[in-house]
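Those protein sequence lines, which keep their order, are chains A and B. Position one of the first sequence corresponds to residue 1 (my numbering), numbered consecutively onward. Position one of the second sequence corresponds to residue 1001 (my numbering), numbered consecutively onward.
Read the hints as simulated data drawn from the structure, not as lab findings. Backbone N, C-alpha and C define an ideal beta-carbon position, used for all residues, glycine too. Mixed in with the good hints, there may be bad ones.
Pulled from the structure, derived: some chain B residues nowhere near chain A, Cβ distances all over 12 Å [said to hold, decoys possible]:
(1) A1005
(2) R1015
(3) H1030
(4) Q1032
(5) R1043
(6) Q1055
(7) Y1068
(8) R1095
(9) R1136
(10) P1140
(11) E1141
(12) P1147
(13) P1153
(14) G1155
Pairs of lysine to aspartate or glutamate residues, derived as EDC-like cross-links and limited to a Cα-Cα distance of at most 16 Å, are as follows [what the hints assert, rightly or not]:
(15) A:K114 - B:E1044
(16) A:K114 - B:E1141
(17) A:K156 - B:E1157
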Amino acid sequence: MEVTRTPAAPIESPEAFRAKQLSAQQLLRGDLDGRALEEYVEERVMLTTLEKAQNWARRNACWPLGFGLACCAIEMITVIGSPRNDISRFGAEVVRASPRQADMIILSGRVSIKMAPIIRRIYDQMLEPKWVIAMGACSSSAGMFNNYAVVAGADKFLPVDVYIPGCPPRPEALMYGINKLQDKITQDPSLGWRERYQAEGTEESSA
Amino acid sequence: MPDAAGLELIAQRVRATVGDDVVVGTAYAHEQAMLEIAPARVREVLAYLRDEDEQPYEFLASLHGVDYLPEQPRLGVHYQLLSRKRVERLGVKTRVTVEEPVVPSVVDLFPTANHQEREVYDMFGVLFDGHPDPRRILMPEDYVGHPQRRDFPIGGEPVLFTHNEHKLPRWYD
């Protein structure tokens, strides 16, 4: 089998790199002024808004809650724990054992009617901003468990941001879902539709 | 395993010791012996089979409920007894009606029956008289109904297939 590799980005020439080093030295010594100083600043400083910077930070540190419901949890563990599907590439590998420290909850499996109030309580305990991924057919729509014991879709009782189809989804699908959530955080983090679920300001305080 | 003749001998001994009207019937099928008894005397029969019989069954392997709809009486409770010394199994079953689904509890004879009787109560609504903790075990405590009964609606939500498309509201119209 022939292995094809995409060529890496062209490396800066040694001379250009040396010139950059020298200009940095000059700046530190206070020797740069006028046009040279302006060029230096334009090259190295990036302007953005606070919201964009904040969303950029949030999308790249989306810590999941250590929480599994059923067989999908095995696939979720594969995504988090194995070097083959390493979600630390997306900053989401820091599994938190407390809902207070988690940003994201992955509903990995069927949600039984006995478990639903517990999940909602865990969700309410998470601090804003928080996101929910419904992983697999069961937590999205009850899947094949269309019966007396299982809630037909976790979106009956909490706002779900990303649905991932599959039974169970492949690890790649879950990673794609996490990427979609990242896009959502970057583009539209307002999530005004949470009001419908009365899911704002529900964190229990210790007082 | 007791064969058909062995089952009759067991039934005879139960009749002679516990009472003549206790045994409702015997059934031997698929190499399994099943003794059907009257619901009011379950505790006495199981106590006899556990302790006093010449071939005792000291272990309750399983206790479960059945709904025989449309047959009457509808509900059944099955006790699977096991002799671990002789490696023999004996099924004991009893039938109760939906109107009066009361069976004496055997928790004091077999501690394993505690959770299993709670499950049968939860799923079929059979009441176990004398159970130390008669609560639901699987469904939420405020749940209404007994979901494994055959006349219980299957629940969930209607799913749109091509065969029932014309009956369900068409969300895309």
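Right, here's what the structure says about each hint:
Against chain A, the non-interface label of A1005 of chain B holds: every CB pair exceeds 12 Å, the least being about 44 Å. Every CB of chain A lies more than 12 Å from the CB of R1015 of chain B, the least distance being 41 Å, so the non-interface label holds. With a cut of 12 Å on Cβ distances, H1030 of chain B stays outside the contact zone with chain A, its closest approach being about 29 Å. Q1032 of chain B, annotated as away from the interface, keeps every beta carbon of chain A farther than 12 Å; the closest lies near 30 Å.
Distance check on R1043 of chain B: its Cβ is at least 32 Å (rounded) from any Cβ of chain A, clearing the 12 Å threshold; non-interface status holds. Annotated as non-interface, Q1055 of chain B keeps its C-beta farther than 12 Å from every C-beta of chain A; the closest such distance is 41 Å. Every beta carbon of chain A lies more than 12 Å from that of Y1068 of chain B, the smallest distance being close to 20 Å; the non-interface claim holds. Non-interface call for R1095 of chain B relative to chain A: holds, since the shortest CB-CB distance, roughly 24 Å, exceeds 12 Å.
Residue-level check failed: R1136 of chain B sits 10 Å from the nearest beta carbon of chain A, not beyond 12 Å. A Cβ of chain A approaches the Cβ of P1140 of chain B within 12 Å, the least distance being about 5 Å, so the stated non-interface status is violated. Listed as outside the interface, E1141 of chain B is inconsistent with that label: its C-beta sits roughly 9 Å from the nearest C-beta of chain A, within the 12 Å cut-off. Against the 12 Å criterion, P1147 of chain B falls within the reach of chain A, whose nearest CB is about 4 Å from its own CB.
Not every CB of chain A is more than 12 Å from the CB of P1153 of chain B (nearest about 8 Å), against its label as outside the interface. Residue-level check failed: G1155 of chain B sits 4 Å from the nearest beta carbon of chain A, not beyond 12 Å. With a C-alpha separation of about 37 Å, the suggested pair K114 of chain A and E1044 of chain B falls outside the 16 Å cut-off, and the hint is violated. Under the criterion of a C-alpha separation no larger than 16 Å, the hint pairing K114 of chain A with E1141 of chain B is consistent with the structure, at around 9 Å.
The straight-line distance between the Cα atoms of K156 of chain A and E1157 of chain B is roughly 12 Å, inside the 16 Å bound, and the hint therefore holds.
Violated hints for the displayed structure, listed by number in ascending order: 9, 10, 11, 12, 13, 14 and 15.
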